[in-house]
Every structure is written in C-alpha cells, then in structure tokens.
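If you're matching them up, the sequences are chains A and B in order.
Counting from 1, one number per residue, gives the positions in the first sequence under this note's numbering.
Counting from 311, one number per residue, gives the positions in the second sequence under this note's numbering.
A couple of the hints might just be wrong.
Cut-off 30 Å, straight-line C-alpha distance, at most; resulting in silico cross-link-like pairs (DSSO-like, lysine-lysine) [said to hold, decoys possible]:
| hint | chain 1 | residue 1 | chain 2 | residue 2 |
| --- | --- | --- | --- | --- |
| 1 | A | 166 | A | 295 |
| 2 | A | 132 | A | 65 |
| 3 | A | 196 | A | 166 |
| 4 | B | 330 | A | 196 |
| 5 | A | 198 | B | 330 |
| 6 | A | 86 | A | 287 |
| 7 | A | 196 | A | 167 |
| 8 | A | 71 | A | 263 |
| 9 | A | 198 | B | 464 |
Example chain B residues on the side facing chain A (calculated, C-beta under 7 Å, incomplete) [to be verified]:
| hint | residue |
| --- | --- |
| 10 | 475 |
| 11 | 483 |
| 12 | 484 |
If you're looking for bench data, these hints aren't it; they were derived computationally from the structure.
All C-beta atoms, glycine included, are put in the ideal place defined by N, C-alpha and C.
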Amino acid sequence: MRIPQPPVRRRLLPARSLRRRWFAATALACAVTLAVAGCGGDTTDGKTVGAGTTPTFAAGTTMAKIAAAGKVTVGTKFDQPLFGLKGLDGKVVGFDVEIAKIISAGLGINESGITFVETPSSQREGAIQQSKVDFVVATYTINDKRKQLVSFAGPYYQAGQDIMVKKDNTTITGPESLRPANAKVCSVSGSTPAEKIKQYVDASNIVLFDVYSKCADALRTGQVDAVTTDNVVLLGLADASGGAFKLVDKPFTTEPYGIGIKKGDIAFCQFINEQLTAASADGRYAKAWQSTAGKVTGTTPTLPTLATCS
Amino acid sequence: MGVITDNVGLYADGLLGTLKICGLAAVAALLLGIVLAAFRVSPVAPLRATGTAYITLVRNCPLTIVLFFFAFGLPEVGINGAYFSFGVAGLAVYTAAFVCEAVRSGIGAVDAGQVEAARAIGLTFGQSLRLIVLPQAVRAVIPPLGNVVIAMIKNSAILGAFGVGGELYSVANTLNSARGEPALPVYTGVVIGYLIIIIPAGLLLRILEKRMTVTR
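Starting from the given sequences, assemble the full structure and let the hints guide the process.
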C-alpha cells in the first residue's frame, strides 16, 4: 500500500512539478550565463582573471584542489555591516567579502564560483576544522587561543577599540578624555571592550546593555555621552545613525583580522599573503575598502604588516 | 569552584547591588501597591477605575517592556536620569500591581461585618480601612506578599539589560563572557548569591506570619 503512494501524491501537487520546472529553467539560465561569463573572461568587472590565465599550482596543495574544483566556499559573517552583511536580495556585501573575492581571483575563480557560508564568531573554528569552508574571512581577530585550533593568513586589517560620540561632540577626543569630561560610556555587558574601558572610566559612569543598538539609542537621547567597542561595530552603528554619530577614530587596542585556514597549511597561508600583497600593490585592496567600509570612514587603511605563516 | 572563591569581592558587590535595588523597589512597590488596593476598594468610582486600569495595563505587560518604557521611553520625551533610578522605578511599578492584588485579596478576607460595624459607629471609609480593615488584612496578606517580593528579587536580574550595572546577575556576565571563566561555576555562584538574599527573607516572613497570627 505504502510504496505506490509517493508518485500519486506528486501528481496531486502540480505546484511541486511546476517549481521543479522553474528550477530547471533557472539552472539552465544560470549555465548559459556562466558560459557567457566564461567566454567573456575578464570583461565583467575589470578583474584580470579569465579562462586563459588560470594559474597553476603544485599538485596536492589546497590551491590546486580549489582551482581544479573551480569553486570555493568561504565563511563570513552575515550580520556585520560594512564587512559581511547579507542583504534582502541574498547577496553578502562588505570588506570581508571583497577580500574573499581577491583571494579567489588569485585561484582563478571569479565571483560566481564563490559560495558564502555564514560563520558567526562561535562557529568559525569548527567550520574550518570540519572542512565546511575553504577559508574564513569574518572579522576574525588573530589570537593565541585561536591559533591552537586554526592557522591565520594576513592580517588584512587592523581593527581596534574606538569611541563613538554625537556628531557635535568636541570634548571627547580619545579614551583619556573620558574621565576629565565625566562622560557616561556605554558598552555591552560581558564584552572585552566593556572590561577594557574600566581603566579609563569610573565604574559609576559605565552603562552596560545586552546589545549595541540600545547603546546607540542611549547616545541619541543623551543618556550616555559615548559608546565604545571595536571600531568595525561602531562604523556600522554610525552608518545606521544617518550622520548623527561619529567615531573619535583613535583606536586604543589592536585587533588584527586574519583569514582563517586549516591549521598548518603553510603553503595556502603564503599564497593568501602573496595575494594580499599583490592586491595592496595594484590598488585592489584600497578599492575593496573604498567600495565598502570606506564609504563611512572616508579614510583608507594600508595593508598591515603580514605575519609569518606558521 | 575556584572561580567563586577567587571573585568573592565581585560577588559581594553584586549582592549589595541587588540588595540595594530590591530594598528600594520593595518599599516603593509596597507603598504604591497599598494605595492602589485602597483605590480598588474605595467607594469613589473614578478611583476604582484608575486602580483597575493600572492593574490591567501593568500586570498584563511583560517586565521587560515596562523596563524598556522607563529606560528608553522616558529619555525619548526629554526625561533623562540615571539608569539605576529608571530600573528601580520600573521594577517598583511592575511589582506594585501584584502587591495591590495581594492586598486586595487580604481586604476581601476580612469579614464584611467588620466593615459594617466600623461604618455603623461612624468611621469614615479612610478610617475604617486604616484602623479596622488593613490591620486585619495584613495577616492574610503576608504569605502572598512574600511570594511577590521573592519574585521581585529574582526579577531584578533583568535590570542588567537596562543599563543598571553592579547587580548580582551581571557579575556572571562579566566573569563568563569577558573573562572567559567557565559558565557552570560562575552561575552557581550567582545562585548562591540569590539564596543568601532570599532564604533570610523567607525566614523573616515566616517569623512575621507567626507573630501576626491571632488564634480565633
């Protein structure tokens, strides 16, 4: 009785077969687009990668494997404005995404060959170790604890804890100016920035919430005078404020963002570092910044000194 | 368990913070709650309506929302103040609704003949409530009021999310998230902290209850 059931059901649901047809059509369209893009080579967005320039790599390396597959899976954040933010259209945009594109281009893979996978902070090491991703670009601070689990290429950006104030505030110019100004400072309870700021502000002047959006609201209504955390997060808040907030732009900690890869994959690390250096030299690094986070900062960072691969 | 002994100072600060919040909020909630209960049993219709409206609105609103209106609503209309005051006020306003209903149930437990007798000898509504009804109602009210206060002490843990620092629960957040201490011992310490406050409070209530008992 049970075995013939599924086909009957399928016939009862024409919508499903319609959807299938739609899928098939879409897939075909995609294939056509791909083929056209492939034939067109590098003309689409000025990248110097095409069918004719596929790089060659030593057999057995991660680069060779990815290049042979012709596609790459990259872990990034989907909720970090300016760095990795997935929009309603399903596209992930941001500086991390651009860095991933630069690395992938070096492997002979253009944008359509990249699959972005969401890797929130707590899931990054696992995603790398379980080979769910080829590499991770996700506002990933390099530190010794993490180095025990994964290896890092880069750093490609140096973030740091900074302070955000109202646009017309001129008294707060850095962490040292907070105490003299008797400023109330907001951050998220239990976060590293909240601990760090304790050395600059009296405990009674620290206001802690569970999320940064509440801090932004408190700053807007004048309940606090400043908000502090990594400048990357602040940039997103400042951007969302529509010009009401500004960053002091004097980072007082260093958070080097690296590209997470399988532990001990030195060849891949060196390859990524070469790509970063090349992108920095030919202006693609600066362009990646200017088209994303640079829209808010105005200034463009230079590529930090790369760490030795180990 | 080393985490608890290593950070006794931090826990003690949190304990004091929670005590301070709860002490202030409990006094305010009791006063406001009794006034509201008087409103609800008063012969004046507008007062009754006010009391009923308050209970309907506040008791049916999640505490988080009440606190949200205090911490983010008041600054929006230009009332700025310390988050500590906002938090205590929000907690008191919320708890007062439950205090009111507990007190009202106590008033209901007083024999109707008592009120009739009080009115018959010429006491006003206020006098009969103050001198005859409430003193008797208190006895019936202590156990449910104890529940309300204990619930309030535990509810105070949420204030950490509204800018009120230095209470017991936020200590766990600092130790666990920022300093990377393991969660289990850290939160065990928090439980011990709440027990240190609540168990004596419970004992105090039991003593009060015994003292107030009248053998009929």
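A quick look at each hint next to the structure:
1. A:166 with A:295: Answer holds: residue 166 of chain A to residue 295 of chain A is near 19 Å, not above 30 Å.
2. A:132 with A:65: With a Cα-Cα distance of about 15 Å, the restraint between residue 132 of chain A and residue 65 of chain A holds, given a limit of 30 Å.
3. A:196 with A:166: Holds, at roughly 22 Å.
4. B:330 with A:196: It holds: about 26 Å lies between the C-alpha atoms, which stays within 30 Å.
5. A:198 with B:330: Holds: residue 198 of chain A and residue 330 of chain B sit about 22 Å apart, inside 30 Å.
6. A:86 with A:287: Satisfied, since the Cα-Cα distance of roughly 20 Å is no more than 30 Å.
7. A:196 with A:167: Holds. Residue 196 of chain A to residue 167 of chain A sits at ~24 Å (cutoff 30 Å).
8. A:71 with A:263: Within the cut-off at roughly 21 Å; holds.
9. A:198 with B:464: 27 Å, holds
10. 475: 5 Å, holds
11. 483: Holds, because the Cβ-Cβ distance from residue 483 of chain B to chain A comes to roughly 4 Å (cut-off 7 Å).
12. 484: 6 Å, holds
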